[in-house]
Structure formats: structure tokens, C-alpha cells
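Asks: Sequence:
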Amino acid sequence: MADLSQKLKEQVLQARKTGQKLNIEGGGTKAFMGRAADTDAGSLKMGEHTGIVEYHPVELILTARAGTTLAEIEATLAEEGQCLHFEPPRFGDGSTLGGTLACNLSGPARPWSGSVRDQVLGIRLLNGKGEHLRFGGQVMKNVAGYDTSRLQAGAMGTLGAITEISLKVMPKPAMSLTLVQDMAMDKVIHYMNSRAKEPKPITGAAWVDGKVYLRLAGAKSAVEATAEKWSGEVMEQGDEFWQQLQHMQHDFFAGDEPLWRFSVGSTAETPDLDGPWLIDWAGSQRWYRGEADIAQLETMAQRAGGQVSLFRGGDRTDEVMHHQPRALKEIQQRLKKSFDPDGIFNPGRLYSWL
1 MADLSQKLKE
11 QVLQARKTGQ
21 KLNIEGGGTK
31 AFMGRAADTD
41 AGSLKMGEHT
51 GIVEYHPVEL
61 ILTARAGTTL
71 AEIEATLAEE
81 GQCLHFEPPR
91 FGDGSTLGGT
101 LACNLSGPAR
111 PWSGSVRDQV
121 LGIRLLNGKG
131 EHLRFGGQVM
141 KNVAGYDTSR
151 LQAGAMGTLG
161 AITEISLKVM
171 PKPAMSLTLV
181 QDMAMDKVIH
191 YMNSRAKEPK
201 PITGAAWVDG
211 KVYLRLAGAK
221 SAVEATAEKW
231 SGEVMEQGDE
241 FWQQLQHMQH
251 DFFAGDEPLW
261 RFSVGSTAET
271 PDLDGPWLID
281 WAGSQRWYRG
291 EADIAQLETM
301 AQRAGGQVSL
311 FRGGDRTDEV
321 MHHQPRALKE
331 IQQRLKKSFD
341 PDGIFNPGRL
351 YSWL
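Residue 1 is where the sequence shown starts when you use this note's numbering, and the numbers rise one by one after that.
By construction, these hints were calculated from the structure, which means they are not laboratory data.
No residue lacks a Cβ here, since even glycine has one placed at the ideal position from N, Cα and C.
There may be inaccurate statements among the hints.
Here are the simulated BS3-like pairs of lysine-lysine, each with C-alpha atoms no more than 30 Å apart in a straight line [said to hold, decoys possible]:
1) LYS7 <-> LYS17
2) LYS200 <-> LYS9
3) LYS229 <-> LYS21
4) LYS329 <-> LYS172
5) LYS329 <-> LYS45
6) LYS229 <-> LYS172
Simulated restraints, written as ranges between beta carbons of each label pair [stated by the list, open to error]:
7) THR18 <-> GLU291: 54 to 64 Å
8) LYS337 <-> ASP274: 34 to 44 Å
9) ARG334 <-> GLY305: 19 to 29 Å
10) LYS172 <-> GLU233: 16 to 26 Å
11) SER5 <-> ALA184: 50 to 60 Å
12) GLY81 <-> GLY305: 52 to 62 Å
13) LEU60 <-> GLN181: 28 to 38 Å
Model the full assembly from the supplied sequences, consistent with the hints where possible.
Replies: As C-alpha cells, then:
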């Protein structure tokens, strides 16, 4: 892969010399996210930069190139009884590890197992100067200053092209079981938060279509004991439900209506909006379907202690992310200037001003 890395580096250097912008492209499964891509920009294709570089099952560490598909990584881990605990969503067979980190995507287990950002130990990054840099490593330790590896989570490629990622992996739980029961939306927030506070093996708490779902996973004895104590019926197709939620294949996500993502305080009241809701992460993540004004939704999200973004659909030529305070905006612009001084990578993809 040394030749491919050199080609990518040469393409960046040439783009810097000519003033050309570059859209970073992996598997293409997350092209719907962020603002519309610059149609005048060239393409920096990462899809061929693939392969697992190192995997140490005993040490629970895996290093892979950014274009490696999640399917390949998860299949390799499954052979050793291990998995990615942050449950990354796949929007197609081409979903890659690099795109998952760049978009900061994690599944239903996120409040209990951590996010993709939490699992990253180190990266290699091609910056806007054509320098191929290494940050972090393959050990768990504290760092001074900016944690550059984790800084890439949610940056959507605006700080550079991720070429390699080292991250923690975990053993698969011995047993998984899902409890389901009917519950009104105005009751479920308190219920899920009460359950989440208990020292039990809970790894998922979601509500949709008038039903609340709790997933228990871990040691068989702990799962069975908790299931006997808690209310709800054991769901025969529990694993299928969580996979549909993880990969956003549940019926709730079907259709062309704009999909809004609220990231709010887990105990906050759900904003008063007409239209369907899906609540995940025990209340911290809430999905809304429908036409709405982003400024109005931002006010509602702030009252709930969080932010909102237009995740899919709607007008993607305008801002789709929650507006940033002036201080944070200036920090992000300084970081952009440091990593990508000529503004080569993914121009305007995250914000119009970045």
C-alpha cells in the first residue's frame, strides 16, 4: 500500500499547487450526510486504501486502513469472538472504517460501550500540506494538548484524509436478550433513565411506535436475573430489532421526509412537534421525521440541553449542523487553518464557513 499512499500524497500536493479542492471519497455510503459536496472539486479516492494492518486479539487492538469495510473488520473479529462495541451503522456493503470515524457514527450501545471516538487509539492522517502524519498509537494513555486522533470524529474530512486507524475491540457478550412492552412517549423517558441508572447489564434502551425496548447483554446469569426482575416480554426477534436500529433499516427511517437528529439531555422532555419520533440511547438521541425550520428546532434543542442537525434529506445547500458559538467557530477555523491551510479538503461539507 506504500505506492497508493504516495499517490494520494502526490495528488494532495498537486491540488495545493494548482488551488484545486478535493472531496474525500471512501465507500460512498454516507454521501447524504453533511452539506452538499462541492461539484467543482476533484476526488481523493480512499476506497482502494484497504486492509487490516495488525490485529492482536489478546491485546484487544486492531489497526486497519481507512478504506477497509466494516463488514471485513467485523467478520475478522467474529472469528475470535470479538466485536466493535460501539456498533457502527452500515449504510451499505461499502461502509468503511474511515468514514465511520469521520462522521462520528455509533449505534444503540453508545451510552454504555462508548462511541467510535472513545475507541480510537491512534490514526495516520494526510494533511493539506501533503504530510503523512501519525498521531496516538496502539496503547491506552492520556495525552497532553489536542487529542488529534479523536479530533477527527465528526470532522467529516475537513481536517485531512484519514489513512489508518488503530482502535480498541471487545469480546462479544455471552448472552443478549430484549424486553419489550407498551408505553406512552410521555412516560418512557423517566422509565428508561430509571432503568439505565441501575447496576444491571443494559446495553440498549429505545422507544418507537408506542413500545419501549430494553436490551440486556453480558454474563448469562446477570442477564437472566435482570430479565426476571424487570417487566416486559422477552422479544423473540430482539437481535433483529437492534440490528435494524443500528443500521437505520427500521421502518421509521424509510421515506423521503427530512430526518432530524436531536442530541439532548437524556431526561429532557421531547420537543413538542407534530410527526413521528424514535428515541434511542435512553433518551440522549432522538430522531424526528418531518418538514421543519432549523432555527426553530435549534431553540427547542437548546432548551433540552443539546443540539440538532439535519441528518438526511431536506435542503443540503444551507447549514445542516447546529450553529456554533463564536468562540467554538474560531477554534474550528484555527484548527482547519493548521491542518489544511489552503482549504483543500471537503470545502463547506461540515459548515459553509469551514
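Asks: Among all the numbered hints in the text so far, which are the ones the structure does not match?
Replies: 2, 3, 4, 7, 12
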